[in-house]
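Undergrad: Single-letter residue listing:
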Amino acid sequence: MSIAELDAYSTGTVVTEGNFVTDGPEVRLRVTRCLDCGESWFPALEQCAACGSLRTSSEVTGTTGTVYASTVVRIGLRQFEAPYVLAYLDVDGVRVLAQAVAAEALVAGTEVGLRLGRIGSTTEGALCSYVCIPVERSEQS
Amino acid sequence: MRNVYVGGAAVVPFGKHRGESAADLGAQAVGDLLRVTGVAPSQVETGYGGTMYGGSLLAQRVLQRVGVSGPAVFTVENACASGASAIHLAWQAVASGSVGCAIAFGAENLSDFGGGALPLASHDLEIAQGMVMPAAYAMRAQRYLHGWGATSQDLDRVSVKNRANGSRNPRAHFQAEVTLEEVSESRLVADPLRLLHCCPNSDGAAAVLLCSEGFAEDHGLPLVRVAASVVRSGRFSTGYRDMTWPDITARTAARAYQQAGLGPDDLDLVELHDAFSIAELLHAEALGLTTRGKAYVALENGEFDRDGRVAVSPSGGLLSRGHPVGATGVVQVCESYWQLTGQADELQVPGAEVALTHVTGGGIFGVDNGACAVHILTTRDDE
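The listed protein sequences correspond, in order, to chains Z and F. The first sequence begins at 1 in UniProt numbering and counts up by one. The second sequence begins at 1 in UniProt numbering and counts up by one.
Please keep in mind that the hints were generated in silico from the structure rather than gathered at the bench. Computed from a predicted structure; not experimentally measured. A couple of the hints might just be wrong.
[As the list claims (entries may be wrong)] Here are the simulated distance ranges between beta carbons:
| # | chain 1 | residue 1 | chain 2 | residue 2 | range |
| --- | --- | --- | --- | --- | --- |
| 1 | Z | Thr123 | F | Asn3 | 52 to 62 Å |
| 2 | F | Ser233 | Z | Glu26 | 32 to 42 Å |
| 3 | Z | Glu124 | F | Val297 | 46 to 56 Å |
| 4 | Z | Glu104 | F | Pro71 | 51 to 61 Å |
| 5 | F | Leu57 | Z | Cys51 | 34 to 44 Å |
| 6 | Z | Asp36 | F | Gln343 | 54 to 64 Å |
| 7 | Z | Thr122 | F | Val297 | 42 to 52 Å |
| 8 | F | Arg235 | Z | Thr64 | 23 to 33 Å |
| 9 | F | Gln343 | Z | Glu46 | 49 to 59 Å |
| 10 | Z | Thr123 | F | Asp124 | 18 to 28 Å |
[Stated by the list, open to error] Some chain F residues near chain Z, calculated using beta-carbon distances under 10 Å:
| # | residue |
| --- | --- |
| 11 | Ile127 |
| 12 | Tyr137 |
| 13 | Arg143 |
| 14 | His146 |
| 15 | Trp148 |
| 16 | Glu185 |
| 17 | Val189 |
| 18 | Pro192 |
| 19 | Leu193 |
| 20 | Phe236 |
| 21 | Ser237 |
| 22 | Gly366 |
Every residue, glycine too, gets a C-beta built ideally from N, C-alpha and C.
Bound conformation, chain F alone:
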C-alpha cells in the first residue's frame, strides 16, 4: 500500500437548500473542488459518492455534470457514515496503486423530509415499538448520567461549546452561539435530551480529492497525508451490553491508531460525530481522548476547547455545522484539511499537525451503530 494524500477540499455550506437536489448540491461541491485544485475532469480516474437519501446512481448524476463520465464510479450508502465510507473506498483505490487520482463526495438534501426526527430503517423490531433516533441517544444519556455522576448541565456544555465554535464557521448551518440557560430551557425531545442537544437536519455537500504523492506534486497541491482510513460495522447482539461504551468507535479507532502509528495524545483536533450532545462524551472516551467516565470533566475543564488540550469539533460539530447525513463524513475531512494547511481562518487550531475524523451512524436494532469510519490526517512526514 502506498501513501495517499488529500489534495483539495470543497464544501457547499450546510443549511437549507430547498429546491436543490442532492445531485445539484453534489455537482456544486465537485465543480468547486476541480476549480480550486486545477485538476482537469479527464484526470479523475474514479469517483465515490456517499448519500443516504440521494437515490440510485447519485455518483453518476453528480460527476457527469462536471465532466467526469466514463470511469468507474460508485454510490455508497452506510447511513451517517456514507460519505466517510466513500472516502475510504477512494483511499483504497489510490493506496492500492490502481488509480492516481480519485474524488470522494457526500451530498444530501433533507429538506424534502420536512422537520422532526428522520425516518429510520423500516421493518425494524425497535422501530415497531416506537423507537426514534433521539430516544436511542436519550437512553444512552440517562444511563451515562446514572453511571458516571454527570448531570444534564454537562450535556448543555457540549452544545454551548460546539455552537460557539460553529458561530465562527461560515459553512455551518447554525452560526449563533447559545447559552447554558437557552440549552437547559429548550424543549424536551426525549428526556434528558432537549432540542438544543440535537443536531439539525441539513442540506449540503462536500468533496475531497485523494491522490498519490506524485499526482499532488505534479499539480502543486499542499500535501496532507491520510495516515489512517478505517471502516467497521456494528457487532450484532441482543444480549446485555454496556450502551455507554460505543464499542464500534473503540474498535475502529484502535485500528486507525495502529495503522497511523499515532495515538490519542498526538491529536491536535478531532471532528467527532456529535449527532446529540451525549455522543461527544461517549465517543471522546471511546476514542481515548480521556479516561472512561471522565469526558464531562475534561469538557468542563476546557480541554476540548479550540485552544484546549485537544480541540473537539472546532468547526462546530454536527450540533452546529448541521448533519446532511451522507455529507458529514466528507465535510469533517474538508475542515481538517483546511486546519492542517493553515486555511481554517477563525476556526484555526494553532499549530495543528494531526487531525482525526469520526462518524458513526445507522440506527438499526442490535448494534451500537451500523457503521463507523475513522480517518487520521497529518502533515507530519511518514516515519
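Excised from the complex, chain Z in its bound form:
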C-alpha cells in the first residue's frame, strides 16, 4: 500500500518520507547496521558514523518499540499544535523520537506500535509522519 492510499492517516505532507516504509497502517523504519562494529543507525547511512566502515546492511525494523522517555510539549513551534506528546522509543537497536498518540507523557517501558499519523499542520495542510500508539490502545482501535 502506498503512503498516498493511507488517507485515513496521511492526508497531507509526509515529513521525512524516505526514512520509513509503510506496512498496512503500520510503519517500519529504514535503518543501517554496520557489519564491522555492529552499530545501528537511523536514519539510514551509507557509511558507519562510528567506525567509518562502508560494509553496512540496509534493514527495516519491526513495527513496535519501547518508550525510553516522554514529555508533553506545551509551548512549541506553531505547526505542531501544542500540547502534543513526544517520546524517545527504542526500536530494534535504534532510538527514535516520535510524537505519541496519548494525552499524557508515556511512562518509560510502555510498549508502543508505530503508525503513520498526523503530527501537525501548516497553511498548506496536515503534516504526517511516523507516530507511536501505546499497544493496548492500538489493539482496541
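Here the structure of chain Z is known, so what remains is to put chain F in place on it, guided by the hints.
TA: Structure of chain F alone, referenced to chain Z:
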C-alpha cells in the same frame, strides 16, 4: 605549553538590551575590559569572539570599535559553548607562545527573536518531529526521576537555590528569589519542566583578557591561572544510550582534571550549565561533584549552596543570570575570576582558590550536545 593567566574580566549585565546589537554589547564589554586592565589596544595581539546569532565577523565588528584592528581575530560558533570555545582558542594562542596577550569575548542579543523557545538547527530529523530544547531536557528529567527516585520537588530546589544566588548578583537577569511553591505552581513548559525550571533568553556580553605571566606582571594584574582549558564534541549515536549521563561532560571534565592535576574534591566553586534545572543534577554527577544518582540528595543537604561543600553556580547560574548563548561561557570565567581574586562582593565564596566552569550546548540529534567546554581556574601555584 606555558602557563596562561586570566588578567581581567568585564561584563555587560545580562537582561534585556533591546535596540543594542550583539556588536554594541560586545564593544561595551571589551571597552570596559581594556579600561579595568589598563591594557592598550595596541598590546592586544589576537582576539576571539563567541556568538551564535551575532552574525558574520562579529569579532571584527566588536574589536575594531575599541582600537583592535589589524591582528588576527576570529568569530567562533559552537552553540551554547561559543564563548567558552573562544576562550579555549585564546588560551591556545597564549599557551603556545605565539602571543602574549589575547582577548576572548562572547556577545549575544536574543531579544530580536521574541519570546519562547529558541530556534534549533534546521533540517534536523528530531526538529521535524516537533523537538524543542525544553523537551529534550524534559525527557532527560523524566528518565532521571524514574531511574533515581528523585521527585519534581528536587527540580524545584535547583531553581530556588540558583535564583537565591542570583538575587545577590547585580549582573544577573533575574534578581528576585523564588519559593518552592512559586516554582511548583509555574506554568508547565514540557512535563515535568515548568517555566521556573527554564533559563531566560537574555542579551549581554562578557570579555576576558588572557595573557602570559610576564605580561600580567608588567601590567600589575592579579594572577589567576588557567589550569585547564578543554573542549570536546558530542559523540554521535542513534543507538540505545543513557540520556541521564551526559557523556560529553564526563569526557571533557576528565581531561580537564587530568590537565590541571586537580580533582572534583579540590573545587571551591563550579559555574555549571543549568539551562534547565535538571541539567544541574545531571552535570553535577558527570563532573564528579557527587556520586551517580545522588546529586538531588547533595542539593537537598545544602552541599551545593554558596557556603556548602562545593558552591554550584554562586553567581545564579543560567537560571538566574540568564543565557545570552555565546556570552555564557565567558561570563562564567569572569564570575570565577572575581571569586578567586576576592572581588565577588555579596557572591563571594569564602576562601575560594579553585573554580571550574562548564558549558555544554547545541541541540542536534544524535548527540548529548554539540560541544562542551570546561575551564579550571586557580590562584594556587603550579605544582
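Undergrad: Does each hint hold? Answer for all of them.
TA: Right, here's what the structure says about each hint:
For the pair Thr123(Z) and Asn3(F), the supplied restraint of 52 to 62 Å holds, since their beta-carbon distance comes to about 59 Å. For Ser233(F) paired with Glu26(Z), a C-beta distance near 37 Å keeps the hint of 32 to 42 Å intact. Between Glu124(Z) and Val297(F) the C-beta distance comes to about 51 Å, which sits within the given range of 46 to 56 Å. Range check, Glu104(Z) to Pro71(F): about 57 Å between beta-carbon atoms, so the 51 to 61 Å window is met.
Roughly 38 Å separates the CB atoms of Leu57(F) and Cys51(Z), a value that falls within the hinted 34 to 44 Å. Checked against the given bound of 54 to 64 Å, the beta carbons of Asp36(Z) and Gln343(F), roughly 55 Å apart, stay inside it. Thr122(Z) and Val297(F) have their C-beta atoms about 46 Å apart, which keeps the hinted 42 to 52 Å range intact. Between Arg235(F) and Thr64(Z) the beta carbon distance is about 28 Å. The supplied range of 23 to 33 Å therefore holds.
Restraint check, Gln343(F) to Glu46(Z): a C-beta distance of roughly 55 Å satisfies the suggested window 49 to 59 Å. Here the CB-CB span from Thr123(Z) to Asp124(F) is close to 22 Å, well matched to the stated 18 to 28 Å. Taking 10 Å as the C-beta contact cut-off toward chain Z, the hint placing Ile127(F) at the interface holds, the least distance being around 8 Å. A distance limit of 10 Å between C-beta atoms decides the matter here; for Tyr137(F) the minimum to chain Z is near 9 Å, and the interface restraint holds.
Given hint, Arg143(F) at the interface with chain Z, holds; its Cβ is 4 Å from that chain's nearest Cβ, closer than 10 Å. Interface restraint check: His146(F) against chain Z, minimum CB-CB distance 5 Å, threshold 10 Å, status holds. Hint status for Trp148(F) relative to chain Z: violated, with the closest Cβ pair at about 12 Å, above 10 Å. Of the supplied interface hints, the one on Glu185(F) is violated, with its beta-carbon coming no nearer than about 15 Å to a beta-carbon of chain Z, more than 10 Å.
Given hint, Val189(F) at the interface with chain Z, holds; its Cβ is 5 Å from that chain's nearest Cβ, closer than 10 Å. The restraint placing Pro192(F) at the interface with chain Z holds, with a minimum CB-CB distance near 8 Å, inside the 10 Å limit. About 8 Å separates the beta-carbon of Leu193(F) from the nearest beta-carbon of chain Z, less than 10 Å, and the hint is met. A least Cβ separation of about 5 Å between Phe236(F) and chain Z falls short of the 10 Å threshold, and the interface hint therefore holds.
Of the supplied interface hints, the one on Ser237(F) holds, with its beta-carbon coming within about 7 Å of a beta-carbon of chain Z, less than 10 Å. The criterion of a C-beta within 10 Å of any C-beta in chain Z is met by Gly366(F), whose closest approach is roughly 8 Å, and the hint holds.
Taken one by one, the earlier hints fail for this structure at numbers 15 and 16, listed in ascending order.
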